[in-house]
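This is what each chain is made of:
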Amino acid sequence: MVEQTEQGLSDQYARASPWPIPLVLGIVVSEIGIVFDGLLPLAVGGLLLLAGSVVGILRESGFAETLYRPAAGIAAVFGAAGAGLYVGTAATARGLAFGGTAVVVAAAAVALFLYETGRL
Amino acid sequence: MATSSLVLTVLMGVLLVAVAAALARLEDWRSYTPLSDVGGALGERTDHGHEEKPGGIVRWFTTVDHKDIGILYGAYGTLAFAWGGLAVLLMRTELAAPATDVIGPALYNGLLTSHGITMLFLFGTPMIAAFGNYFIPLLIGADDMAFPRINAIAFWLLPPGALLIWSGFMIPSIATAQTSWTMYTPLSIEMASPAVDMMLLGLHLTGVSATMGAINFIATIFTERGDDVGWPSLDIFSWTMLTQSGLILFSFPLLGSALVMLLLDRNFGTTFFTVSGGDPILWQHLFWFFGHPEVYILVLPPMGLVSLILPKFSGRKLFGFKFVVYSTLAIGVLSFGVWAHHMFTTGIDPRLRASFMAVSLAIAIPSAVKVFNWITTMWNGKLRLTAPMLFCIGFVQNFIIGGVTGVFLAAVPVDLILHDTYYVVGHFHFIVYGAIGFALFAGTYYWFPMFTNRMYQKRLAHIHFWTALVGSNLTFLAMLWLGYGGMPRRYATYLPQFLTAHQIATAGAFLMGVSTLFWLFNMVVSWREGPRVESGDPWNLEQTDQFTKDWSWYDQQRESPVPAVPDGGEPEDDQAAD
Ligand code: HEM
Ligand SMILES: [Cu+2]
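In the order they appear, the protein sequences are chains A and B. Residues 1 to 120 (our numbering) make up the first sequence, in order. Residues 1 to 578 (our numbering) make up the second sequence, in order.
Honestly, the hints are just simulated from the structure, not real lab data. Accuracy of the hints is not assured; some may be wrong.
Pair by pair, the computed Cβ-Cβ distance ranges are [unchecked claim]:
1. B:545 x A:80: 58 to 66 Å
2. A:83 x B:192: 29 to 37 Å
3. A:83 x B:101: 29 to 37 Å
4. B:249 x A:80: 21 to 29 Å
Beta carbons are placed, not taken as given, at the ideal position from N, Cα and C, and that holds for glycine.
Next comes chain B alone, as it looks inside the complex (with noise of 0.2 Å):
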């Protein structure tokens, strides 16, 4: 004990001298003269040496330009879902016979519970800060974020919580955690290993990353946009965002707290959560209280982009914009009313059942004001089938089988019977893969050619969608077949009836894993060597009067004396004139 407390402190110590040293290597110290010497601290600052970024890798460990950070939030998202995508199709593999073949009970638990935290937690919500920080700020006419430091931080705190959250699969000599996404106690209580500690760890960091974040765009939207960017023209994009930030705010913190009490309760011996002193309920009511917003966290950003996006390429504005604010808004408020439709099997009070469902239905319909407010706009229109606007197209196909599949869940006598089966599992994933990750890809081939200079390979992107399309619409049918069936969900083995729709789903991953090749060999390949982009307008915005503000930005990058490195590492124009 006292020798490894010894290792320990001189391990510390190195640590803490590595970091002044770094520190002293890239800080300049003399800038902070004495408070005697000088006038004052704003005076100071135009001395300081910092108007140009540091050089090579270094600039990436030290930059707080939103851009820089946007593809940092990129690259990072892209690693956590190549895991969680490779997570699930071994469990896929698993599930192709029905008896255990490939992979034993407990390891398919392992990966279940990381695929689903993965995909949420570390692809889904940084995934979406990437487009935030990187497009809002250009959107609104602003010159970075309000908190540019904040939004560093905010940033690094996630890739010691995607440690913390896979340290079961990196520690060899400890268990994986096995408690699905939900953590329900008393499981997560009395799971030993402490790769479950370290995962709750893992979430709680990642969880003030999402907060900080959140704070910034709030921050950022209210008070950094530009002279000509009042509350009527802010673009839809920035409204979701704004809204998405606001449900973060409210409910990111509050799992913040369940997961410290639920780390007490398994370090420290309290009973918040245990069978006698405390009550496993209140831990589903905490989890869900966050969890349903979170769910509509992660959709209310991609919504925004295929509002962004979808009028540009049908030929005309987005049809009834205001009210596709006002359902955003809506459903904002509304998404805190609905929790308990995630418990209608735990034996609550059938009044709260009831009125728990009321609202669940009526979160449906702003969700449909939308549906039906992205195909009038395509109603009639000229219509140009580029790879941004099929993934628009394919994210309203998936949310209406998605969001049909979510009302029919809401309604009590359905979900006693659906609940735990596959179909919930396929409703889910209608949305989270076939609408919001639709939605995100879309934004990647939309805006490549604005921070890459280039243009992505069309061929490569329509294959990528079809097989997208038809591999997530394979699996995810065949899983509302299996709910149906009455196969339930988080099993590694099951009874032989169901093997030909476990197949199809299985084929249907594979297709969706292919698929998702292609898009990142796209995006690689054509980031190095794609054609140069020939105007500040590649999509012929101009034309049908839609050239938004990110555009022109791009346009005057473009144009500027300096040669644009639009990777984020530009000089920003003449801002040491001021």
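Isolated chain A, as found in the complex (with noise of 0.2 Å):
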């Protein structure tokens, strides 16, 4: 037996979990809608659900304590992903569906940090 308070231990796992498809959702969509040409709104709707749910399994099992602040991380990644295609490469419609996302989550973040600290 593990000590009862190790963060991210088996023991304190909840036997189920409805992140994981989700967040495999999103990998796939997302990934589908990067590589193939014409294909962008899947781009963005995968990402989303990829940020989302890793959100939601980092705050669940005990990762994260807050939602706001993952989200703000993905935004960040993404935001950079997205500023990093777009003016190192060719692929700018790729760049814009990163950027667009990223300010998507970002404003998520700023709605869930609101409504996490009570002011909302």
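With the hints as a guide, bring the two chains together.
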């Protein structure tokens, strides 16, 4: 038996979680949307799904105590990826897809921040 | 264009809403009270209503229990095995006569590609993960895997991976991927079909899955062992899974990167592997730097299964346990130093060839150490020829032929003649089916009482063994013979002089197909109505002092007040008490 309060170890875990499948769908849909031409709506939707489920699973498993912090982190990562693609490569449309998703996730992070700190 | 993206956007919106609705039904949102209201994250987890699993089908879609996930992996591996097997039976039917009579070359090539990739990535690796997931936590006295959610994510990446890999067969309007499992450039760059891109994406997903699984196994074996399980008493299967996971960790990310480079070459105009501007041979180096460790990724855990099961029915402990562990580790290290033995005929520097030949010959030594240890374990033992034991012995027989032919191929002058002939096909099939397949079958019989509470039908299991053994040796010996005769691999047609050997190979293949039906029937029917197991020690392991932790878990499980449903659905014994 491992010490009860250790983070992320199995005895504290719930035996079921709804998040893995949405997370996988997010990965798959966004990969397809990004690689193939002309599927940018898939890219945006997939990235949103991915962002939502990463935030959800982190919160559920106790790796994050809030929803807004991981959301802000993901917005930053997507934003950086989008900027990199837009500026550094010819894949500007894909860069915009990342950037647009980052804006939506950032807005969600702000809303969550207000909600979770009781300001809303 | 505009309307199609509108449609896509709407579809995406519908998907997102559907997922959100499903989540809202499953997830108790109120447990996420705003931070200002609660003391801390850990306090609230006890109120969290997830002690028991949801019932019905939802349980399988939300489970993070290692036993459930093991069963999911097993079901998935069985499905993939069925597709890979049907594909190869079609191919062998075509090869029953020299001309193209049944299927054309294009379909043959598509099936060949799908068979190889399916068996290695969608059957082999997941089936091993099935055993690892179900039994490693039990063998080492852990409650679950170290990261149960990552475990579930790793599994669920596989079904979309398979759909993408098989997409060429499911979308009638596009040509199948015909690159063979090695995806050699420049062919794989120039083949126009989107099925190739989807296959690469699917492979990428399964690679991510394997890597996540490997990290999980490493973390579990390092941190979750029970108090009484120190390194010296770690069982042999866990040792091989640990080594295998290390190999995955170093090789699969490399495959992932190479796949992305290939995708970029195909779709974005980069020139990593093109003839002008890049180097097609670079692909071969990257692929085989992954590919050779991959064959050991596939063979080490089955070796562990045999090392675990064979002593149980020999009435004595594994001979030279320590040396079996050392040879596992040695194989793990050496397997990264032999990749160019797949490239002897590509015109690489002869000095490089010689050094890769030396390391390839050296890797046969730890493999032989294992073989001698298995044989010595059985020597003068009290053998009980149960189905799992028969499959272990079959493993040893097939592994010897597969290994010895590998040593021949590792010698440069021999390989220059036999490369790309059926000899190579015979060599690796003795191992991938004759050894790996056999060990996995042994595992399903050995633990059948534990995960079903019932016993399989012995007669059917023995028929399965003998037909599988005869079938595999017929087919793969005929392939070695074809190789000596100079029959090149990967062709849908051949010269009439090869007729007899090809017909023997086809007959053997169908015998293996039939043998698998015996297995499938036995598994399904005995799971539902086999005789119930009477004790927690169905193999009488206590007699020879080999009652391992997995069986004592099972024994306790049977005696716990809650009636056990050990297909993974049982409530963990009074977990809520603490
Ligand atoms: C005893 C140690 C082994 C040695 C020395 C060895 C050697 C070789 C050599 C030299 C080749 C290249 C033949 C050629 O294409 O010209 C080869 C091919 C192959 N080997 Fe082995 N091998 C060994 C064990 C294994 C094991 C354990 C596996 C499987 C788990 C395996 C699977 C394969 C496969 C899949 C190929 C064919 C790759 C392809 O071209 O599609 N080998 N082996
Ligand atoms: Cu090799």
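The hints, checked one at a time:
{"no.": "1", "hint": "B:545 x A:80: 58 to 66 Å", "result": "59 Å, holds"}
{"no.": "2", "hint": "A:83 x B:192: 29 to 37 Å", "result": "33 Å, holds"}
{"no.": "3", "hint": "A:83 x B:101: 29 to 37 Å", "result": "58 Å, violated"}
{"no.": "4", "hint": "B:249 x A:80: 21 to 29 Å", "result": "26 Å, holds"}
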